[in-house]
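Novice: Construct the entire structure; sequences and hints are all you get.
Here the sequence shown stands for residues 65 to 416, where the numbers follow the numbering used here.
Derived from the structure by calculation, the hints contain no laboratory data.
Note that the structure is predicted; figures quoted are calculated from it, not measured.
DSS-like mimics (lysine-lysine), calculated; alpha carbons at most 30 Å apart, straight line: (1) Lys240 x Lys261; (2) Lys384 x Lys414; (3) Lys217 x Lys261; (4) Lys240 x Lys217.
DEER-style ranges, computed between Cβ atoms: (5) Gln160 x Leu140: 26 to 34 Å; (6) Asp213 x Tyr377: 45 to 53 Å; (7) Glu299 x Val372: 25 to 33 Å; (8) Arg229 x Asp328: 48 to 56 Å; (9) Asp216 x His251: 23 to 31 Å; (10) Ala87 x Gly231: 54 to 62 Å; (11) Leu140 x Gly231: 42 to 50 Å.
Backbone N, C-alpha and C define an ideal beta-carbon position, used for all residues, glycine too.
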Amino acid sequence: MSEREISEHYVEGCAQILAEVSATGRRLTREELTSRRELGEQAADAGHGLRALVSAHLSAARAAWPTAPGTADSALAALHQVIDAFSEGYERAQRQAVRQEEAARREFIDDLLYGRADLGRLAERAERFGLRLSRAHAVAVAQGPTAYDEGDKVPQQVERALISRFGDRSVLLTTKDGRILCIAPGHQDDVLAYFAKQAHAATEGGRVAIGRAQPGPGGVVHSYEEALNALELAERLELEDPVLRAADLLVYPVLTRDRQAMADLVVSTLGPLTTARGGAEPLLGTLVAYFDSGCVAAEAARRLSLSVRAFTYRLERIHKLTGADPADPAHRYMLQTAVIGARLLDWPAKRL
65 MSEREISEHY VEGCAQILAE VSATGRRLTR EELTSRRELG EQAADAGHGL RALVSAHLSA
125 ARAAWPTAPG TADSALAALH QVIDAFSEGY ERAQRQAVRQ EEAARREFID DLLYGRADLG
185 RLAERAERFG LRLSRAHAVA VAQGPTAYDE GDKVPQQVER ALISRFGDRS VLLTTKDGRI
245 LCIAPGHQDD VLAYFAKQAH AATEGGRVAI GRAQPGPGGV VHSYEEALNA LELAERLELE
305 DPVLRAADLL VYPVLTRDRQ AMADLVVSTL GPLTTARGGA EPLLGTLVAY FDSGCVAAEA
365 ARRLSLSVRA FTYRLERIHK LTGADPADPA HRYMLQTAVI GARLLDWPAK RL
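Specialist: What follows is the structure, encoded as structure tokens:
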């Protein structure tokens, strides 16, 4: 079917309607308006542009104008109704297509991140969204002070920045559980780093975690879970870094793989701190500040707004209660591991 035949199909009956309406002065009937809307929907579903179709209606009206009896006002009013109804149907079909696309995209994202679909079928669907799951992918997750949906300003701002910088490079940006996600090929670390920078700024200081690149259709799930775990670790350990990489935090899952062994270490090493006046929290915070400052007492005291003398007294108190000296390298590793375990297991808030 030629372009002219396509145009004629969607303006079919337009000249007859104009002739009748201009002759009688009546408005379009409900059936006539419905037929125009249906033609608009068909045109949208077929992928034709609205601008060209409106132009075709105007051309048809102009061709019929010299032979149409009646007043020009009636003809113009009828033409307005025809184009308005046609455009309404066209836009309605487009909105429906967008809703269907969004639903398909959301279903794909859920299946991809939960790993609950057939991997072969999932890989086929992924190509529609620009992903080739036979290759390695990495996932970055941004978490801000509030929850985000895809239509919100912040995710759209980040997406525009990525497209402006990199164009379409097989990158998928979406939201999940209120967080912003960026899925990119594993070798495009520059994309994920730029996403982290933009997301941190757009969320006004939010935190971003980047999972390791993982191969195959299930790689996205693994990388996504690593990024989520990194965010959870950062919250528990009160890490200050705005951008975290799962590869840099691998030691923590290792430490907690045997939860009972870690709990035993925490209780046996730090348990005596609970007998101190004020409980274990102040002295545990002292150890956290000490290790986070590289075991420099002056810096740790500054972080806690204490004098060096007061801070040193706390270290001595810890030594007396636990029998382990934080300043002694022979004791330091055990104490620091126990402190990390306490933060991971939320001790002493939770009983072990």
